[in-house]
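Take the given structure of chain A and dock chains B, C and D to it, following the hints.
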Amino acid sequence: MFHQSTYFVGCVGLMIVGLYTMLTKKNLIKVIIGLSLFETGIYLLLVVVGYIQGATAPIFSRTTGSPAEMVDPTPQALVLTAIVIGVAVLALALSLTIRLHEHYGTLNLRKIRGLKW
Amino acid sequence: MRILISCVLLVILSLGLVFALEQAPFGSNQIDNADKPGRFYLNQGMEKTGAANVVTSVVVTYRGFDTLGEVTILFIAAIGLGAVFHSRKKVKRYEKEKQSASLILQTGCRFLFPLIVLFGTYVFIHGHLSPGGGFQGGVIIASAFLLLFLGCEEKKIPMKSMNTVESLAGIIFVGIGLAGLYWGESFLENFLPRGMDYMLLSGGVIPIIYIAIGFKVGAELAGIVAGLIERNP
Amino acid sequence: MEESLEQILELSLTLLMLGGAVCACVFKDLLNAVIAAAFVSLMAAILFYFLQAPDVAMAEASIGAALTTAIFVIAIKKTKRVEEE
Amino acid sequence: MVAVLLIIVPLGLAFAMPLFNFVSKRIAAYLPIAAMVCNLILSILLLPSVMENTRIVILGGLPPPLGIHLVAGPLGVGLSGLISLVGLAVSIYAWGYIKQGAQDKYHALYLLLLSGATGAVLTGDLFNLFVFYEILCISSYALVAYLGDRNGVESAVKYLIQGSVGSGLILVGIAILYGMFGTLNMAQIAIHIDNVDSPALFLALVLLVTGFGVEAAIFPLNAWLPDAHSSAPSSISAILSGIAIKVGIYAVARVLFTIFGVAVVFQYVLLLGLATLLIGEICAFSQDNIKRMLAYSSVGQVGLIVFAMCIATPDGVGAGLLQLVSHALSKAVLFLGVGYLVARSGSMSLSSLNGIGKRMPVVCFACVVAAFSLVGLPPFVGFAGKFLIVRAALAGKSIFFTVLIGIVFLATVVEGAYFFRMVQTLYFKDAKRQIEYKKVPASASIPIMALVVFIVALGVYPDVLLPYLKSAAADLLNKAGYIKEVLG
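Residue numbers (our numbering), protein chains in the order written: chain A, -3 to 113; chain B, 615 to 847; chain C, 6 to 90; chain D, 2 to 489.
Just chain A, same shape as in the assembly (with noise of 0.2 Å):
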């Protein structure tokens, strides 16, 4: 089982780093990346957990291929879709962060209080 606890602490360590670097840092920007550090830590968990140790990638060819010894190939489906969303929702997000940056002159997000309680 050390094959999957590495990548147990690869997934979730990206995304602690991930969440971490959303909640303590000021730069908008900043607080992008780590948002796309987080969901690439939870594409690899998604990966992990269809994963089989010493099967092979569900694709069948001409001479190889017993689908007995193949991974999960759903999760790998999910991923896909969920690679797609994070980069809508990323260039959205880029689009906002320029736009908020002509109306204040400034990226921290301390300093960007329009709207109060």
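Be aware that a few hints might be false.
[As the list claims (entries may be wrong)] Within a straight-line C-alpha distance of at most 27 Å, the following computed DSSO-like cross-link-like pairs (lysine-lysine) qualify:
id	chain 1	residue 1	chain 2	residue 2
1	D	Lys359	C	Lys85
2	D	Lys100	B	Lys774
3	C	Lys83	B	Lys774
4	A	Lys21	C	Lys83
5	D	Lys430	D	Lys359
6	C	Lys85	A	Lys107
7	D	Lys440	D	Lys100
Since the hints were derived computationally from the structure, they do not count as laboratory data.
Same frame as chain A, but now just chains B, C and D:
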């Protein structure tokens, strides 16, 4: 203070995650479970759809509705970017005193652009046989347009035809789904014959849908990049 | 022997990836931070390949490492490059 | 089979919108109206037949545990009918209201938002629920920033950051559930979940409820709501308050009741709902900005709905659903009406609306009716909702619930105070300055009055809705029945 609170929160979350992941029987319990969807796709997917790449058959047919939603999300991002950047006054094109790229760079871009587009097309046409598919190929095509933007600034992306391609590809995707409902029994069902295994013309509707996705993703991402670059502050 | 080689490779890639993530968090120059984030995506793509997910690896390499970085760089060019205190 | 058209028609029209724009830019405004009319007719036609037995709509050619499928039950079809009713009213309103910005893009995003909401309430697959939820969220991020002004962009950024962390958490929860059970079908997860007792399961529950709770604005997660709802264009505020929050509540309820069904958790969520109610109403009372006041009032109402649902008896859930319908109609009317009040007086401050009621009688009358309905005065639908909630809570005769109902009454008093203050401002204060008021166009007054008719009619005859509410509540609460209907 803020750092302290977030550290405490994150430590709790990471401990919870690590414990949860240690206990869950990931992966290993599925080999002998033939009724689980993942195993079913592996055992029967090739026979039913004729696509050698099982991930593709899952993405395009079994979970095709997710893919439709996902393409929609990219579409939303492209439109939303246009809506956010819309400015009331008609701004003239961005005329900054930027130095144009060197001759070598320009020639290189012109030379590489068709090759990259060709490669992207290859990736999404062969999506049902080899790794790759509509998303990957679409992104590669979009990156070719990105190169064009960086290298040859005088070239403009024809946004109008881009929108047309995007819209037509979306309609084709929905139309194939409805055709499945009409000729088959359910939305997005594979109603074409599956063809010869391992050949380009196999898998029924899968290659058609993936080509539509490829065009749509490519046009949308190129539109997003164009919108971001052409924004004048 | 082969097995352990693979494990060492995976472990080192994971550590590199985490190091890149920490760099992306710490760097003050946003451009450097973005490049570090792209490095994380690239390492993640290689890990996906090791996890027998070539489709995801291609998507992550082309989207995460290339296109996202380009979008970030464009956004930074339109705003500010340095994270201020 | 027809149920799939509920999602496909708006989606296909939105995809085709760039092509229509080549013909004429004016078509864009009519497409949402056409799609919503179509959806409303379809939902009304479907509702009687799904009342008898739930229809399973297969997608992609594989039966339920393997492929994605839609569950056209009383709850799903009923909610999609509500979505298309409110969506129709708001799209007619927007036809005359949205005059600036890229209008074709506004209508496309609006149409996609509604199709996302419809898909989320109909689907029976956990990941598909996530995808449609994301469609809803992302189009609302873009729409909040539609006007491109300072406040709109800032609140959209806040909303986007919190919303995407929430969706990330949902994805982690889905990953854990998939790792444990190897399936994404909600019914199949619900079967397996009873046999397993593991802390991982609890973590997955917390992650899913937290993630969906961001959109539902349950107490610690609602920091984005007042900003986003008050800075968006008024038609979007109406749809966010009327529909988007409801989809969040639906998702939380689906996860809590159908997938997990652990009774222990209900009480904690119930207390969270109560906290949301109190905080929302008290914050609303202290506001001077009228749109912020309405936004905080939405927070309070969400708390009330969550409270009612977590009583977890069929009566309680049914009462919560009635309150959901009542809030969707009333808050839509309020935001739509206030949109024109604010546009005419030029300020969102409550004091600038002094005496406006005499000059804009129709809109102000509608606002007053909706406000009274939210407070829970008798001839309106809000009264029926609150009355049923109190009855359901007191049915068990436990002291715990009696105390809680006392708190709910307290919150209602606060709510009454600020809404009566609003009515007083509108009608009984003298206008300080004289402004020429233009007439409100028919495209605004007709949908507003139509919704008011619904509020009054449902208030007088709530019996019309009761059988639907009963079977919808059974749809949510009866886990075994849901599993049986999906998996056969």
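Hints violated by the structure (listed by number, smallest first): Violated hint (a single one): 1; every other hint is consistent with the structure.
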